[in-house]
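Engineer: Chain residues, written in single-letter form:
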Amino acid sequence: DAKTTQPPSMDCAEGRAANLPCNHSTISGNEYVYWYRQIHSQGPQYIIHGLKNNETNEMASLIITEDRKSSTLILPHATLRDTAVYYCIVRDGGSQGNLIFGKGTKLSVKP
Amino acid sequence: DSGVTQTPKHLITATGQRVTLRCSPRSGDLSVYWYQQSLDQGLQFLIQYYNGEERAKGNILERFSAQQFPDLHSELNLSSLELGDSALYFCASSVFGGKETQYFGPGTRLLVL
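Protein chains in written order, with this note's numbering: chain A, 342 to 452; chain B, 2 to 114.
It is possible that some hints are incorrect.
To be verified - Heads up, simulated BS3-like pairs for lysine-lysine below, C-alpha to C-alpha not over 30 angstroms straight-line:
(1) A:Lys444 <-> B:Lys58
(2) A:Lys393 <-> B:Lys10
(3) A:Lys344 <-> A:Lys444
(4) B:Lys100 <-> A:Lys444
(5) A:Lys451 <-> B:Lys58
(6) B:Lys10 <-> A:Lys410
Honestly, the hints are just simulated from the structure, not real lab data.
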């Protein structure tokens with residue numbers, strides 16, 4: 342089972358920041374938080390990941406709380422093309438690498 | 002473009018038949034993963050290969066099998082197909098198969114009639 346809880350859906354106005362929350366209260370010390378998104382029925386697209394510190398790349402920012410029990414993915418200026426299902430995944434840093442997907446959050450960016 | 006390629010894009014077949022899905026990983030990646038996405042089950046891990054060897058198994062049916070070849074491409078074989086096998090099948094690859102990032106291909110849509 343997925344180790345994360347996400348809201349099933351969210352709306353965001355085009356050009357505004359989209360803040361997608363994720364709860365992972367049972368995360369352990371060596372587990373990473375990964376975010377992927379799936380646009381329509383395309384292959385999941387890697388967005389960002391982090392362990393303890395906040396991370397930023399060209400796509401998004403990831404804010405992880407100090408106790409690591411929750412995180413927020415931030416898309417700073419959402420566009421219509423950001424409409425997708427966003428998956429937050431907690432992942433063991435060990436040798437077995439498969440991803441366990443939950444139901445994710447359906448983000449709808451509206452004009 | 003993730004660099005992972007999958008063929009075919011679409012496949013329509015009949016119950017009882019056998020099909021083969023193909024995946025080419027990103028250049029330099031040694032590990033390949035197969036996932037199935039159906040409407041009722043979501044994205045589920047099937048099997049992982051690393052450098053030609055099976056490394057991990059998930060919810061893969063006995064009717065399904067996979068292999069990874071010396072050139073690192075992988076094939077997923079689905080046999081005795083049932084209506085419920087209709088789904089999207091995704092391949093992902095990563096460098097070593099541990100904690101590093103996986104990159105997904107565009108998928109193969111299988112429809113069993």
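Engineer: If you check each hint against the structure, which ones fail?
Structural biologist: 2, 5, 6
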